[in-house]
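The hints should help you fit chain B onto chain A, whose structure is shown.
Each chain is listed here by its residues.
Protein chains: 2
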Amino acid sequence: MTTGKNYKKIIVLGGDGFCGWPTSLRLSRLGHEVIMIDNLSRRRIDEESGTNSLTPIQPVDMRLRAWEEVSGNQIRFHHIDIAEEYDRLLSAICEEKPDVIIHFAEQRSAPYSMKSSVLKRYTVSNNVNATHHVLCAIVESGLDIHLIHLGTMGVYGYGSEGVRIPEGYLDIEVKTDKGDRVHQQILYPTNPGSVYHMTKSLDQLLFHYYNKNDRLRITDLHQGIVWGTHTPETQADERLINRFDYDGDYGTVLNRFLMQAAVGHPITVHGTGGQTRAFIHIQDSVRCLQLAVDHPPELGDRVLIMNQMTETRRVIDLARMVSRLTGSEIAFVSNPRKEAAENELHVDNHKFIAKGLVPVTLNEGLMMEVNEIAQKYAYRTDYLKIPARSTWTKEQQPGEIQRPYVDNFK
Amino acid sequence: MTTGKNYKKIIVLGGDGFCGWPTSLRLSRLGHEVIMIDNLSRRRIDEESGTNSLTPIQPVDMRLRAWEEVSGNQIRFHHIDIAEEYDRLLSAICEEKPDVIIHFAEQRSAPYSMKSSVLKRYTVSNNVNATHHVLCAIVESGLDIHLIHLGTMGVYGYGSEGVRIPEGYLDIEVKTDKGDRVHQQILYPTNPGSVYHMTKSLDQLLFHYYNKNDRLRITDLHQGIVWGTHTPETQADERLINRFDYDGDYGTVLNRFLMQAAVGHPITVHGTGGQTRAFIHIQDSVRCLQLAVDHPPELGDRVLIMNQMTETRRVIDLARMVSRLTGSEIAFVSNPRKEAAENELHVDNHKFIAKGLVPVTLNEGLMMEVNEIAQKYAYRTDYLKIPARSTWTKEQQPGEIQRPYVDNFK
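Going line by line, the protein sequences match chains A and B. According to our numbering, the first sequence is numbered sequentially starting from 721. According to our numbering, the second sequence is numbered sequentially starting from 721.
So that you can see chain A by itself, here it is in the shape it has in the complex (with noise of 0.2 Å):
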């Protein structure tokens, strides 16, 4: 792979999805060769559920038609389930012989991995053997291919304690036998709050082997949660949607609050909403992949992680500026998950600012323009998917509403 040069050919992992469609469609725009490979698990997965993206996004081969109209730039697909079909999948790579894979090709809703034995199992069988058959054919074929991969800040667990969250790896100082005290960093120890970010902790042991025992290069993003639909390409033809999720497995925190506000439903926060969590948009996040493209780490290197994440809140906060900007009400409902009613967050995203990332803030322009999307298409809404109703275990309830809100912050 010769990285200094400009335009490359790169195979995108979960191409259909609400990261990877958009990613794609970016790098295709910048020039690059894309190939997208999908099983299409998110559309099958929301017709098993009756649930569905709020934006009509169109099928796969309509997306593809349409882009080629309005930029010009073809988008290859293979229609591959990586996880089941490893042949095929090496095959593609051997073919293809890509620059770079980007690997956004696993089940990764949280309250989703945790609905019932068979889901977990699904999860953890589905996206274990996605990641490896990948590292298993990029070693297979023989070629020098950048493997970027997108995790998530779940790894790191709920909170930090007081400690910056650094990108990927700690500093430590540890005891010898000797009584000394030697330095040594490591693998951020893993936390994960869910069997999905648990699935993401197991991917980060493959990366730290693969790369150890084969000189792999990697990339792994450790993503907050994202927030928008629309960046400029989808944004060039209706046919080019996004999909948008607001159901209580798929749907994330912000935008469901704002698409909440939009169909005059509460505004449902889980627990006190004391939680902080990390937070990126959709141009962000695919900003990020582009730069993720363009500084592979060097052939040697450990797997670079950087955290690709712009800023920390609290989820009440966010419930409040959005009642604020929207009028509408917040209720309280109890938390699926099993963690701590509050905690704080610090994280360090410097890799990425250095590389040229200006972030796109939360801001009142950009919610609103969410809610405007949730508004246009309300009349698709399904009430009924509104409410999460995985719990994290047997004992917990899913969240009904439980009172009124008042609250004297607002």
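Be aware that a few hints might be false.
No distinction is drawn between identical chains; accordingly, a pair holds when it is met within one copy or between any pair of copies.
To be verified - Below, simulated SDA-like cross-link-like pairs (lysine to any residue); rule was C-alpha separation at most 25 Å, straight line: (1) 1105 - 761; (2) 1058 - 864; (3) 817 - 1081; (4) 895 - 907; (5) 835 - 864; (6) 1058 - 862; (7) 835 - 810; (8) 1071 - 899; (9) 1096 - 1045; (10) 895 - 1080; (11) 898 - 761; (12) 898 - 1019; (13) 932 - 1049; (14) 1075 - 1111; (15) 932 - 886; (16) 1071 - 1020; (17) 729 - 887; (18) 1075 - 1118; (19) 1071 - 726; (20) 932 - 1019; (21) 835 - 804; (22) 932 - 1112; (23) 932 - 841; (24) 1114 - 807; (25) 895 - 1103.
It is worth saying that the hints were derived from the structure and are not from the lab.
Frame of chain A; chain B shown alone:
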């Protein structure tokens, strides 16, 4: 589960294997009710590889009939592939309602796990799903079951760089935002040396998560390299004999040396032999399992991790001991592993010692016993299977004998 109860109902997953079989017999002899579950994959791998146990092990049903004749105790057997047949595993657990499940049911050879892409993928998928299925099934059963898992010293990596390897958890100091140093206790940073060892690192994270989220009682035993083959129970009748692997994939180092000496093959040392490893005799391994059954962690405790090893030795020192004992020559072959030529290893094992383990350390009597077994069954040897042919990367050469041995320190 009444922890004070003397006799327990125990499911042994992988009960037909090298550690599982003598453990099942010991627990049965002690009066526990033992149910073995196995998919017989180790026998299948032998068939596929053209290898065989040096000792003439009997089919499972004959083993169990012989045990009933000898001991008067019945061990029941279910032929279940726990990585593939979740529903049958769950049914067995719900019907048997065991107090304890001992989990040996994983592919356990490092060289086998490195042989090809197919076997890397088999090892990861089989081992991760096997362990995850057991955890899911325990949660789904709603029963309070003590899970005991056979892990490996290999999760710690090769060597310890002056730090005494603790029992699973490491005390560290980290700096906070304010510059204070705070103490934390973390899972020892994992650094597995093969795909097989990596799966045991993945297992650790699964245990950590399910212990945290579902309060499962879990004991994880990080075992050293087992040597020897007989226990009092497997010696009680020829039909109860334990397996003895001497091939390049499944044969473990000391047993291989003794067997090589017995059949007149040079003792093949990988690399310089400067690698230090942790060892345990099979009788102590079985005794440790017995102690783990007797000392479950309390409900709500974190995962109990114990180092199941009794001594550390340099490989070259073992080779010299065997050479002195038998008069055999030593031959050096290239090391198929990716590791430093020389290392040191200090390991804490006080938990088992405190529970009453009196280690069987390396001694000539027991080593000669293994040598005699090897001599007795030498007629069953396939000499072509003795060398290790697996390598950790494509660039490495399989370990052919490179030069005759001249060792002034013999």
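Structure versus earlier hints, numbers of those that do not hold, lowest first = 3, 10, 11, 12, 13, 14, 17, 18 and 25
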